[in-house]
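Novice: Protein sequence lines correspond, in order, to chains A and B. Residues in the first sequence are numbered consecutively from 1, following the working numbering. Residues in the second sequence are numbered consecutively from 1, following the working numbering.
I should point out that these hints are in silico values taken from the structure, not numbers from a laboratory. It is possible that part of the hints are untrue.
[Stated by the list, open to error] A short list of chain B residues far from chain A (calculated; beta carbon distances all over 10 Å):
{"#": "1", "residue": "T22"}
{"#": "2", "residue": "A24"}
{"#": "3", "residue": "A41"}
{"#": "4", "residue": "G82"}
{"#": "5", "residue": "A100"}
{"#": "6", "residue": "K159"}
{"#": "7", "residue": "V219"}
{"#": "8", "residue": "H237"}
{"#": "9", "residue": "D243"}
{"#": "10", "residue": "H268"}
{"#": "11", "residue": "E325"}
{"#": "12", "residue": "P338"}
[As the list claims (entries may be wrong)] Distance windows between CB atoms, simulated:
{"#": "13", "chain 1": "B", "residue 1": "D320", "chain 2": "A", "residue 2": "R476", "range": "25 to 35 Å"}
{"#": "14", "chain 1": "B", "residue 1": "E345", "chain 2": "A", "residue 2": "K251", "range": "16 to 26 Å"}
{"#": "15", "chain 1": "B", "residue 1": "P332", "chain 2": "A", "residue 2": "Q392", "range": "17 to 27 Å"}
We treat Cβ as the ideally placed atom computed from N, Cα and C, and that holds for glycine.
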Amino acid sequence: MKASNNDFSIHVATVNGSGSQTANTTLMRAIFQMGVPVSGKNLFPSNIAGLPTWFTIRVSERGYLARTRRNDVLVAMNPETSVEDIASMGPGSILLLNEGVPAPKIPDDRVVYKVPFNKLVEPLVPDAKLRKLVVNMIYVGVVSHLLGIDFEEVDHALTAQLGRKPKALDMNRAAVKLGAEYATEHLKPAPFRVERRNKTADKVLIEGNQAGALGALFGGVTFLSWYPITPSSSLAESLQGYLERYRRDPKTGEATFAVVQAEDEIAAIGMVLGASWTGARAMTTTSGPGLSLMTEFTGFAYYAEIPAVIWDIQRVGPSTGLPTRTSQADLLSTAFMSHGDTKHIILLPATVEDCYTFGMRAFDLAERFQTPVFVLSDLDIGMNTWMSDPFQYPDKPWDRGKVLTAEDLAKTAKFERYRDLDGDGIPYRTLPGTDHPLAGYFTRGSGHDEQALYTENPDTYKRVMDRLAAKYETARVAVPPPVIDRTKGAEIGILGFGSSHWAILEARDRLAADGLTTSYLLLKALPFTKEVKSFLESMKVIYVVEQNRDAQMKALLTMEYPELATKLRSILHYDGLPIDAQSIVDQVQEREREGVLSR
Amino acid sequence: MTPEKTAPEQAANGNKNRIGLTVADYRGAKSTLCPGCGHDAITGSIIQAAFEAGIEPHRVAKLSGIGCSSKTPAYFLSRSHGFNAVHGRMPSIATGVSVANRSLTLLGVSGDGDTASIGLGQFLHLVRRNVPLLYIVENNGVYGLTKGQFSATADVGSKAKSGRVNELMPIDVCALAIELGCGFVARSFSGDPKQLRPILKAALSHRGTAVVDVISPCVTFNNHEGSTKSYLNVKEHDAPLHDIFFIPRYENIEVDYAPGESREVTLHDGSRITLKKLGEDYDPGDALRALETIHHGRQEDKFVTGLLYVDPDKEPFEQDLKLVETPLASLPLEKVRPPKEVLDEVMSGLMTGKA
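Sequences are here, hints too, so could you generate the full structure?
Specialist: Dropping the structure here:
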């Protein structure tokens, strides 16, 4: 497939900490403002400054937002990586090189532009330190000229970012202008361009972590404790920013929330449990290693039945792994997190909109079911920029679950903390401070009976465990159901979740164009709902797409539906880069060919 | 002037505290610890202190970790909510509870293993944040539930039942707490309820973290000859700094001592601690002196007990957080869900794709 107008991607190679983020965001927003869908993906090292970093802007009139393996425009600013960067570009691509960067021999079917960025910036910015930050803005001017990006839109995007710093704005404007003038004089426009469309009107550009923070804000969060860890920190920090802005009385300075930066993730989840037990809406945010530290308390919360909302922004493990790369490999360990028999409710956001709605819904589920609820996002959704419809204001109040007040207790003869009165496995709880002699009870992680009293009685232990299992069954009808897109006559199914969604959408179109139609189930939560089973039953073969090595979702499906397991085939992607459509198409087509041959 | 009560009436009222509850209302389930355990004596002192202070049981949250000591919250204040957490992590639970409902009184019980080993990090951070709670360490220098291993508070030279001698430096939780600016640090002995009760009552009146380390001999695993924390050894080497009296804010009692014989500390809620000199004059407002006293005591094989350090005016954690008066746990939806205009404002800021 060749690049064409409104269908290409720009790959910018720079150095960490050089201010390239402002430049890249300006380019991306300017294209977005021209009505053409874009997505932005950061590929950054686990480092603060001085190491190579890449940013890819995908321009897609059809609205494909997944990563693409094909880059059509390279901006090679970093001499450390330029040889490899240039070598990775295919025929027909455009190479914009910072004059003087090392380069291999470049075949004739690439279009090469050399720009003396360093020479250009010198007279503009006398201060050498500042120069390093401004030089990137020159390529914004050059690229805009080459690709026909409207300069008014560039200026608008730049102002949106730097409007509050007039000096910096002026200097960056001058840099854009300089680049544009140089390009007009010396370079011919590229063979493909951005053309105005009307496909982004009323859309927003947002990162998943920011969306999750907004969800928590409107979900009425009152307590956040967290320990800094990439790639989840921006969720906590973004939430703290919104809370400071919208939940602190500007007159009195009083807050309707508390944010505590804990000493580690064990303390973070401990504080959440303490706060939830007391009746606050409490959450924590973390990533792989932090999640592992929360394991013991998670089992406690499951057994003692305490609500908690835990966001895991997945990154590549095991151990420190690749801390700035994306993955879906925490699924299996989270589904059963803790020693002993445990199983958890998990929400699986695929879009930034899901991050927003699950940000609220996770609280409702945690309080309704009095149990930890995990939101398994990932670095790709969480830290990259996505186009979305604007979020809707909640049309329902919150669900605080089964909480008995002193007035409720006054109407009853006894209160038993762990008695299943409604047949749904969910008992009633009281909050500390409830002014009634019956209200108090003793929460413990050791064996307990319906009255929360200590016991090692075998029958009682089993009865409590069976009720917890029954509660999990009740959750099946309460969690968000999957989204199913059936194609008439299709016998091949695709099952995916989380950030794989975008690559799957695109892959289905490509497969269909090659004559293979598919139906699609986008899973949104665990436990599996009845729709999952009927989808599996209705398909001849189901490709389970996931970003991990061990086919973790397929393993869960196999446990749940052993009789359907022979229909499941895995499409796996686990190199730390977001999954792309072509990887899915190639694997499906290969497996289908094998299938035909063996027949 | 209230009319004078008749003798029988006084006797009846004598069984009730100022909020009309009897001591039985502060009791809990029957203890399952070994007969004679120092922890049970501390439980008795907690019950008596809470009764005498007239604390409303429903306003108390009892918290603990794991270990013999951490079982004890089940044995007092059965009307209160209790939270028996995982090993060494009670401080984080306490922090969450305290922030979620600032009107509760938090009473935490931990042990030397729970606090000084597995939970040392959380303990120190709790103190550093000054989370309002009474944190009692029931300190016997030994792991009881797992049958007699040394804990991190075992003294150098102390002999285990197995005959092993501890060579490692003990961790002194009081010294650590003082170092981190804790506003109320005391040490006592389970066998001295006369000293322990006023300390507990004063600690319950303190706003901020109050650390009370109570030496509490383990009758089963650490009560033999050669153990520094045996009942006899502690009794013999107990070196009280002063006699302690607590006068609650609602009582207007004057204690008269000759000048120079006593010191008085007024807590933030108006209640007062009177310290009657025993031997040397001791100023509990001097942190350096407190640390020095602890060190000297250790060198001389003495358990220095009493109010080691007090600073009633340290800002508690919820003031650092500038929380609203209403507990976070009780805020209604309209207080915590911003109006639609806020979402519209945020969304329009993200909406740069012009029509």
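Novice: All the hints need checking, so say for each whether the structure fits it.
Specialist: Evaluated hints:
1. T22: Answer for T22 (chain B): holds, closest chain A Cβ roughly 13 Å.
2. A24: At roughly 13 Å from the nearest Cβ of chain A, A24 (chain B) sits farther out than 10 Å, so the non-interface label holds.
3. A41: holds (21 Å)
4. G82: Violated, because the least Cβ-Cβ distance between G82 (chain B) and chain A comes to about 4 Å, which does not exceed 10 Å.
5. A100: violated (4 Å)
6. K159: holds (32 Å)
7. V219: holds (22 Å)
8. H237: holds (35 Å)
9. D243: holds (35 Å)
10. H268: holds (20 Å)
11. E325: Violated, because the least Cβ-Cβ distance between E325 (chain B) and chain A comes to about 8 Å, which does not exceed 10 Å.
12. P338: Given a closest Cβ separation of 5 Å, the condition is violated.
13. B:D320 / A:R476: 25 to 35 Å: violated (43 Å)
14. B:E345 / A:K251: 16 to 26 Å: Holds: the Cβ-Cβ distance is about 20 Å, inside 16 to 26 Å.
15. B:P332 / A:Q392: 17 to 27 Å: Holds, since P332 (chain B) and Q392 (chain A) (Cβ atoms, about 22 Å apart) stay within the stated range.
Consistency note: the structure conflicts with the earlier hints numbered 4, 5, 11, 12, 13.
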